[in-house]
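For chain A, the structure is supplied; the task is to place chain B on it using the hints.
2 protein chains.
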Amino acid sequence: MITITVIGSGNVAWHLIKQFAQNPLMHLKQHAGRREQQDDSFKAFGVPYTTINDLEPTDLTIIAVNDTAIAEVSHAIPYTGQLVVHTSGSMTMDILSPKNNRGVFYPLQTFSKSVPLEFKKIPICIEAIASTDVNMLKKVAFALSENAHEINTISRKKLHLAAVFANNFTNHCYTIAQQLCQEEDLPFELLHELITETAKKAITHYPDQTQTGPAKRGDQQVLETQEKTLSNAAHKIVYSTLSKAITTFYGKKL
Amino acid sequence: MITITVIGSGNVAWHLIKQFAQNPLMHLKQHAGRREQQDDSFKAFGVPYTTINDLEPTDLTIIAVNDTAIAEVSHAIPYTGQLVVHTSGSMTMDILSPKNNRGVFYPLQTFSKSVPLEFKKIPICIEAIASTDVNMLKKVAFALSENAHEINTISRKKLHLAAVFANNFTNHCYTIAQQLCQEEDLPFELLHELITETAKKAITHYPDQTQTGPAKRGDQQVLETQEKTLSNAAHKIVYSTLSKAITTFYGKKL
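Sequences listed follow chains A and B, in order. Okay, so the first sequence: first residue is 1 according to the numbering used here, each after it adds one. Okay, so the second sequence: first residue is 255 according to the numbering used here, each after it adds one.
To be clear, the hints were calculated from the coordinates, so they are not data collected in a lab. Because the structure is a prediction, the values reported are computed rather than measured. Built from N, CA and C at the ideal position, the CB exists for glycine as well. Each hint should be verified, as a subset may be incorrect.
[Stated by the list, open to error] Derived pair list, reagent style SDA-like, types lysine to any residue, alpha-carbon separation capped at 25 Å:
| hint | chain 1 | residue 1 | chain 2 | residue 2 |
| --- | --- | --- | --- | --- |
| 1 | B | Lys506 | A | Gln178 |
| 2 | B | Lys375 | B | Ile408 |
| 3 | B | Lys454 | A | His192 |
| 4 | A | Lys236 | B | Thr501 |
| 5 | A | Lys157 | B | Lys374 |
| 6 | B | Lys375 | A | Lys113 |
| 7 | A | Lys236 | A | Gln211 |
| 8 | A | Lys216 | B | Met255 |
| 9 | B | Lys374 | A | Ile203 |
| 10 | A | Lys139 | A | Thr58 |
| 11 | B | Lys375 | A | Thr212 |
| 12 | A | Lys157 | B | Lys490 |
| 13 | B | Lys454 | A | Thr212 |
| 14 | B | Lys367 | A | Arg217 |
| 15 | B | Lys498 | A | Gln178 |
| 16 | B | Lys498 | A | Thr241 |
| 17 | B | Lys470 | A | Thr241 |
| 18 | B | Lys367 | A | Thr212 |
| 19 | A | Lys113 | B | Thr501 |
| 20 | A | Lys236 | B | Glu478 |
| 21 | B | Lys367 | A | Thr247 |
| 22 | B | Lys498 | A | Thr58 |
[Stated by the list, open to error] Chain B regions said to be covered by chain A (calculated; three or more residues, Cβ under 8 Å):
| hint | stretch |
| --- | --- |
| 23 | 273-280 |
| 24 | 323-333 |
| 25 | 352-358 |
| 26 | 375-387 |
| 27 | 397-410 |
| 28 | 462-468 |
In isolation and in its complexed conformation, chain A is listed as follows (with noise of 0.2 Å):
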């Protein structure tokens, strides 16, 4: 039975507590945080709490907090010689004190506690330097889900920045649509089967494959009369923006 510690409060900590606290393959020994009392939302899960200084030895602590506090944690862990991973997309294992063994435990997915996932489907990417780590993380990675890949620091960090096209960009540019209907009192319901096909056309077939649109097709005149349409500044930079993106990557001129 491995041993797991998990460190954090967050969404990622959340739906990592609560796959390992039902899961018959793994330990989940102690959750911890830089707060001294356990947050809410974690109380269900019945794992004990403690602060980090507290923590005792585990074969795995995996750190689920933000970018910027990684490093600080790693460092405040009290013990040395296990091994010890970030959750993040984006910072190398470098960042980890040396003190225990380095690794990364990924999970590409978009976190909200509030919104339960199908978590066996999820991509986890692992990264660590010995091969009895990266073995031990391939264990924990395939006793939450079937889709866990060993992957380079490198590649990690160019998928994590296509997620940040597929995931954070894709939804501000809902997020214009919703403002766009609210500017007509139109209900934001009307576009939600077009969201839905277009993540499903991009999912069956390719995204390169299934654009449309009047950049696309190198429309001036309609792209001309759209952007004039827009009354927010903001709006009218990103039309333009990713107009223009369409247009030079379908090779249409204007």
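Quick look at chain B alone, frame taken from chain A:
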């Protein structure tokens, strides 16, 4: 029984004909196009094909062609005094020839012949001047979908623009993510769960409530590092524009 003509050989025409051909409440009398011969993809529906000049009057004529061809096609229709509509999100009714009654029948979805759709959920935006015309369009729209709405030109144009953000721009963000994966020989499939979840969250919650990532947090260090990681100049511009749009939207200063 309402008699219907569909003009056009593209994706929207194909999906409308597929729906009408199997609908017991509607009589799809004829299919017309600018070509002499019917495109092979329409043959299976068994609807008689003619050129536009040879069309016979029907209660409703739906022009499902590119925005730039609508006016010309509407003028080429040999009859007068019937209801003729286009399917464009971004065009007024006025571009249609005034020799027939004018209207709009805009299905808000992304259409490809190769991708099956659950048509009854697709919002159909209708518009016409006379109430008898509006009523006929409602009847036709509700025969295909549970989701028909009377929406005026200004609102429809704004909705179409919202759809450009929710579909065209989102899909190009997926495409850039796909390219970034290719650069590292990573399978695009690694992002499937994230894409699905991001779309699902935008529907179960509102997108402005679920934004995450470095731009939302105003994390300048990660933003600078990520932008540097991008080797493609076109990707860099999309990255910086959308990151700035997000930081501004959420009131973060860099």
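How the hints compare with the structure:
1. Between Lys506 (chain B) and Gln178 (chain A), the direct Cα distance comes to roughly 20 Å. Compliance with the 25 Å bound is thereby established for this hinted pair.
2. For a cut-off of 25 Å, the pair hint linking Lys375 (chain B) to Ile408 (chain B) stands: about 23 Å separates their Cα positions.
3. Straight-line distance between C-alpha atoms of Lys454 (chain B) and His192 (chain A) comes to about 9 Å, which keeps the hinted pair within the 25 Å bound.
4. Annotation: proposed proximity of Lys236 (chain A) to Thr501 (chain B) holds, straight-line Cα distance about 16 Å (limit 25 Å).
5. For the suggested pair Lys157 (chain A) and Lys374 (chain B), the alpha carbons sit about 42 Å apart, so the restraint of at most 25 Å is broken.
6. Between the alpha carbons of Lys375 (chain B) and Lys113 (chain A) the distance comes to roughly 30 Å, so the proposed pair goes past 25 Å and is violated.
7. Among the hinted pairs, Lys236 (chain A) with Gln211 (chain A) is consistent with the structure: their alpha-carbon atoms are about 21 Å apart, no more than 25 Å.
8. Pair hint Lys216 (chain A) plus Met255 (chain B) does not hold up; C-alpha atoms about 39 Å apart against a cutoff of 25 Å.
9. Restraint check for Lys374 (chain B) and Ile203 (chain A): the C-alpha separation of about 22 Å stays at or below 25 Å, so the hint holds.
10. At roughly 15 Å between alpha-carbon atoms, Lys139 (chain A) and Thr58 (chain A) fall within 25 Å of each other, so this suggested pair holds.
11. Only pairs whose Cα atoms come within 25 Å are accepted, and Lys375 (chain B) paired with Thr212 (chain A) is accepted, the gap being roughly 21 Å.
12. Under the criterion of a C-alpha separation no larger than 25 Å, the hint pairing Lys157 (chain A) with Lys490 (chain B) is consistent with the structure, at around 15 Å.
13. Between the alpha carbons of Lys454 (chain B) and Thr212 (chain A) the distance comes to roughly 22 Å, so the proposed pair stays at or under 25 Å and holds.
14. Between the alpha carbons of Lys367 (chain B) and Arg217 (chain A) the distance comes to roughly 18 Å, so the proposed pair stays at or under 25 Å and holds.
15. For the given pair, Lys498 (chain B) sits about 18 Å from Gln178 (chain A) by alpha-carbon distance, which is consistent with the 25 Å threshold.
16. Taken as a hint, the Lys498 (chain B) and Thr241 (chain A) pair is honoured in the structure, with Cα atoms around 12 Å apart against an allowance of 25 Å.
17. Distance restraint check for Lys470 (chain B) and Thr241 (chain A): the Cα-Cα separation of roughly 19 Å lies within the 25 Å cut-off, and the hinted pair is therefore satisfied.
18. Among the hinted pairs, Lys367 (chain B) with Thr212 (chain A) is consistent with the structure: their alpha-carbon atoms are about 13 Å apart, no more than 25 Å.
19. Between Lys113 (chain A) and Thr501 (chain B) the CA atoms are separated by roughly 23 Å; this keeps the pair inside 25 Å, and the hint holds.
20. Annotation: proposed proximity of Lys236 (chain A) to Glu478 (chain B) holds, straight-line Cα distance about 23 Å (limit 25 Å).
21. The hinted pair formed by Lys367 (chain B) and Thr247 (chain A) meets the criterion: a straight-line CA distance of about 23 Å does not exceed 25 Å.
22. Of the pairs offered as hints, the one joining Lys498 (chain B) and Thr58 (chain A) is violated, with about 42 Å between alpha carbons and a cut-off of 25 Å exceeded.
23. Judged by the Cβ-Cβ criterion of 8 Å, the stretch 273-280 of chain B is not covered by chain A as claimed, because only 0 of its residues qualify and three are needed.
24. For the stretch 323-333 of chain B, the proposed coverage by chain A is not satisfied: 0 residues have a C-beta within less than 8 Å of a C-beta in that chain, short of the threshold of three.
25. With 0 residues carrying a beta carbon less than 8 Å from a beta carbon of chain A, the stretch 352-358 of chain B misses the three-residue requirement, and the given coverage is violated.
26. For the stretch 375-387 of chain B, the proposed coverage by chain A is satisfied: 3 residues have a C-beta within less than 8 Å of a C-beta in that chain, meeting the threshold of three.
27. For the stretch 397-410 of chain B, the stated coverage by chain A is satisfied: 5 residues place a CB nearer than 8 Å to a CB of that chain, which reaches the threshold of 3.
28. Counting residues of the stretch 462-468 of chain B whose C-beta lies closer than 8 Å to any C-beta of chain A gives 6; at least three are required, and the coverage claim holds.
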